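Going down the list, the protein sequences come from chains B and E.
Take the first sequence: its position 18, counting from 1, is numbered 18 in my numbering, and each next residue is one higher.
Each number in my numbering corresponds to the 1-based position in the second sequence with 168 added.
Simulated from the structure, these hints should not be mistaken for lab results.
Computed from a prediction, not measured in an experiment: that's the story for all the values here.
Mimicking EDC-like on lysine to aspartate or glutamate, the simulated pairs with C-alpha atoms at most 16 Å apart in a straight line are:
#, chain 1, residue 1, chain 2, residue 2
1, B, Lys31, E, Glu214
2, B, Lys131, B, Glu115
3, B, Lys161, E, Glu859
4, B, Lys2, B, Asp15
5, E, Lys572, E, Asp767
Here are some chain B residues the structure puts well away from chain E; computed CB gaps all over 10 Å:
#, residue
6, Val64
7, Asp67
8, Gln70
9, Glu115
10, Glu118
11, Leu128
12, Ile132
13, Lys161
14, Ala164
Beta carbons: idealized from backbone N, C-alpha and C, even for Gly.
Spelled out, the chains give:
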Amino acid sequence: MKTTITVNGEPRTLDLDPRTTLLDTLREHLKLTGSKKGCDHGQCGACTVLVNGVRINSCLSLAVMHDGDQVTTIEGIGTVEKLHPLQQAFLTEDAFQCGYCTPGQICSALGMLKEVAENWPSQETANLTGKITLTDDELRERMSGNICRCSAYPQIVAAIKSVAGELA
Amino acid sequence: MSSVIDWESTSNPVKENRAGNIGKAVDRYEGPLKVTGTAPYAYEVEPPSPPAYGVMVSAPIARGRITAVDTAAAEAAPGVMLVWTYMNAPAQGPRPERYDFFTPSPRPALESDRVYYFGQQVAVVVADTLENAQAAATLVKLSYQDDAAKAVTFHDHFDEGVQPPGESDVEIGDFEKAFAAAPVTVDDVWRTPLQNHCQMEPCATTAWWDGDQLTVHTSVQMVRFAQNSLAETLMLPHKSVRLLTRYVGGGFGGKGSFYEDLVLASLAARELGRPVKVAFTRQQMMHGTVHRPATDVRVRLGATPDGRLTAMSLMTTTHCDRRGNFTEHASNFARSLYAAPNRLTGHRLVRLDLPVASAMRAPGEASGTLSLEVAMDELAEKLGIDPVELRILNEPESDPETGKPFSIRQLVRCMREGAQLFGWDRRLPTPGQVRDGRWLVGMGMAAAIRGNFLLPAKASFTVDADGVITVKQGMTDIGTGTYTVLAQIAAETLGVPLGDVRVEIGDSELPPAPGSGGQFGAATAGSAALDAGMNLRKAIAEIAVNDPASPLSGGDAAQVTFQDGVIAIANRSERLSELIRRNRPDGLTADGEVRPAADASKWSSHTYGAHYVEVGVDTITGEVRTRRMLGVFAAGRILNWKTARSQLTGGMIWGVASALTEGNAVDPRYGSLINQDLASYLVPVQADIGELDAIMLDEVDDKANPMGIKGVGELGISGAGAAVANAIYNACGVRVRDYPITPDKLLAALTAI
Ligand code: FES
Ligand code: FES
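Make the full structure from the sequences, and use the hints.
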């Protein structure tokens, strides 16, 4: 099935088996292996990418559903030569160990910060219609879809907090 | 032969730390690749030509035989290139009757009609795309004869426990008599469940052949072990196999061995003449790899009214698979922890029709401290003594079982500094006194201990004409920081900026090191690296003093200093790169190695720590939240403050999870594990963990190895869960001895109060 997806700003037209997930499309067809497969069932967040600016688990989505969509993967966020401030913060705070959950954490955090800026409430939010302040509890709740088995959780909180102001 | 005395008395650049690279909070060497998603893990390595995709099929019975095989539909499915079961899989080396972690041996896949455990791989389908392979795998029809008549739940077979092979109980004094005579006693049984490693990266392999030369990229902790074993499985000379594992998405002991993905990808790539990739699914990881077995630990403590232990016993019953030999040594750590003149420790092993039991982060300590360190809390309460003081009262002068001196032991300092920093004096000894709305709040503490090990390893250092140092070692970095600490050791040893060091690891063509496990990695790999660095220094110095063109010419080689990329004797100096460019334009290499010291066994050598935690217990739901937690650790010289702290906090979080959420139950109908994915197997998530930190005491253990360092990868988990259990008791007055302490168990007890 012919599908055109704009990935990291570049339109990519692919002829795909309709069973192909967005994650496998990125990894196996576009060689964008930064998005990781930790469970393939929407349970770990390692495959998190931004679709039209919103974070999703790319393993739970078929590529053909994204015809015309804008997808941003970790490769579109920064490069080794020019790290995004959040990538630099992950490095500085040591917010990863094995690194396998890391691209998903970073994409998820960027999506999360946008949700906060747009005042989307969470389980932790007391006033559902008010302005959201990114407390530690809000941050932890909102990042709980991204498992880090190495358990870099305190360092991930520190990394996100260190740039949340400047990215908001 | 190396000796502890030499290590202690000889200085070296790491000890001197003139440039200050050692101990520094250096960012991870490979970090920029990881945060940009450009570090290729095993399944992501690009092979020389487009790969085919393998998908494995797993057995749905715990023990029995495959009675019929029908692969016709799978073979006829679109894109399918090959379907293998035991009927047509290629011949492989024979599996030894029993095997262990360090001795390479064949691990044939699809070897016979026998099924030994639920989830054993019984077929593989290889197709042109992943989607075609996944679809065809569902068409493989296998019939089984199910022989697993017996229930496979550990506790039903508890009484069948036998002494693990080659072991015996260790008794000092007369435990039973002393325990019977003790005025104050604790006698309880703690249960820990089976646990899964759940590394975020499922096991995976990409394999291809060039003639009869095999290249595999896989995800394992032990390079040489896996490479030799794979070659023996394929009945090839070792040198025909090159195994790479440059980035490993978590190991925790579960990738100490290797699995069918490695063997089947290799065999299928040979058969098809094209690269093949095979990965485990998350569900296959739960059964098809290894797990930490369940334990029952009976702890008996006897003490005098003033708090001196007179009798101490830990007896563990645990299980492994039918063909295995793994014992979760949950009693062992207690042999070195507290003084008590009469002591008894030992293990009983039950063999069951379950998947393979093996090592998981801090095997022994992780499970065992969940009992003894809670029993000490119970004893402290009975005695009316503060738990910290009770531990200090029973602090041994020398190893309480062997009488050997400690290489260094700062457990008391860890406990005292932790108590002060945490505000332990604010804890009320009587449970249930502190309320915060519907929450009851309490504090708990526990001690941490984990052994220290050193294994033989090699390394090489090369300096090139740009003055860049390249470290080469068949070592792994499973998130532990190996790349980074090797770079720090190299920079410090050769006196070059960190930016002028390259690290190449995770390749069987490089000088062998045992790999990552047992928290021996940094000490073992690092000591070999230091030796290679020292040998390279000597070689460079010799060249310099013998080179008429060098300002150092004619000097004493022993006087050459290395700093900022410059070599010097007093005020005569030149850049290292210039010397090498003139004399060794193609580079200069030196090898190094480390071996355990012959006299190392004269000392009792461990890492230590103390955990302090505050929890809230929701009186209505039974939910437990860790509010804040602090660990204070003493683990020798710390190579990298940043990565070491991360290892420790990671371990502590594992401990919290083992107290509160983690565990898998056996379904006795199928011999399967009930939690088969990350939705049901509860590893901690961000919201489960509150404020949490680890600090490290200044320490040098000069008897541990030439650098005086020890490991931290497993220390953090030791005792952490016990501290949480003790805090729960302090909060609400309930002791749950059957881990994890889930809301249902707490609520039942809370309602009863
Ligand atoms: S791989 Fe998509 S959520 Fe785990
Ligand atoms: S860094 Fe290893 S899982 Fe997060």
